[in-house]
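**Q** Sequence:
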Amino acid sequence: MTDKHESGIVVSFPPAETAPSSPIGAVIAYAGVVETAPAEAPQPFDWLLCNGAAVNISVYPKLFAALSNRYGGDGKTKFAVPDYQGTFLRGVDDGSHFPGSTENRTAPEHGSKNQVGSRQDYALIEHEHQYQHKGSGVNTPSDPPMGEAISAVDEDFTTTEISQPQGKYISTTEVRPVNTFVYWLIKAR
1 MTDKHESGIV VSFPPAETAP SSPIGAVIAY AGVVETAPAE APQPFDWLLC
51 NGAAVNISVY PKLFAALSNR YGGDGKTKFA VPDYQGTFLR GVDDGSHFPG
101 STENRTAPEH GSKNQVGSRQ DYALIEHEHQ YQHKGSGVNT PSDPPMGEAI
151 SAVDEDFTTT EISQPQGKYI STTEVRPVNT FVYWLIKAR
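Position 51 of the sequence shown, counted from 1, bears residue number 51 in full-length UniProt numbering, the numbering being contiguous throughout.
Since the hints were derived computationally from the structure, they do not count as laboratory data. Take the hints with a grain of salt, since some may be wrong.
Below, in silico cross-link-like pairs of lysine-lysine (DSS-like), each with a Cα-Cα straight-line distance of 27 Å or less [as the list claims (entries may be wrong)]: (1) 62 - 78; (2) 187 - 78; (3) 62 - 187.
Keep in mind that this is a model prediction, so the values were computed, not measured.
Hey, can you work out the whole structure from these sequences and the hints?
**A** Here it is in structure tokens:
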């Protein structure tokens with residue numbers, strides 16, 4: 001396995017045929033086959049895998065103009081494409097303040113935490129559970145003595161506070177959705 005910063009990946013059948021007007025820096029979901037290629041080799045297609053690979057500015061000058069070194073690289077000879085492996089994308093809040101969209105975010109290497117490229121880790125929504133508890137007690141023996149009897153009392157309880165096990169973030173406003181694997185590709189030229 002090669003280091004993600006030393007190899008680029010391109011699609012074997014470029015989606016450029018179906019989206020020729022996509023702007024440089026556009027990201028699409030791709031469900032096809034990908035092939036590996038050295039990051040420094042000129043790529044025959046217009047799309048790169050969003051895997052955090054460092055690429056030469058001289059090979060992809062228009063993509064560098066769109067991204068700068070927001071995702072890494074020295075900004076002089078190299079820059080990095082975004083690394084969206086294992087993540088789903090979410091639109092920038094941009095001041096509309098959707099619940100949960102800006103809490104607990106991490107800034108990209110060269111950017112701020114509420115801009116394109118910022119990342120938000122796992123979260124569980126704060127929630128409640130109901131469960132029944134069987135209480136127990138002892139009855140007074142009857143005459144003639146019949147021994148002791150245990151009676152059960154049903155009581156409903158509701159949990160309201162959930163701890164943060166092993167440092168996972170608990171959100172007060174959202175939960176992550178069910179998801180499906182795809183490749184995220186970025187239009188490189």
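**Q** Now tell me, hint by hint, if it's right for this structure.
**A** Against the structure, the hints:
Note on residue 62 and residue 78: the hinted pairing holds, with a Cα-Cα distance of about 13 Å set against a maximum of 27 Å. Straight-line distance between C-alpha atoms of residue 187 and residue 78 comes to about 17 Å, which keeps the hinted pair within the 27 Å bound. Proposed proximity of residue 62 and residue 187 is supported: the alpha carbons are some 10 Å apart, at most 27 Å.
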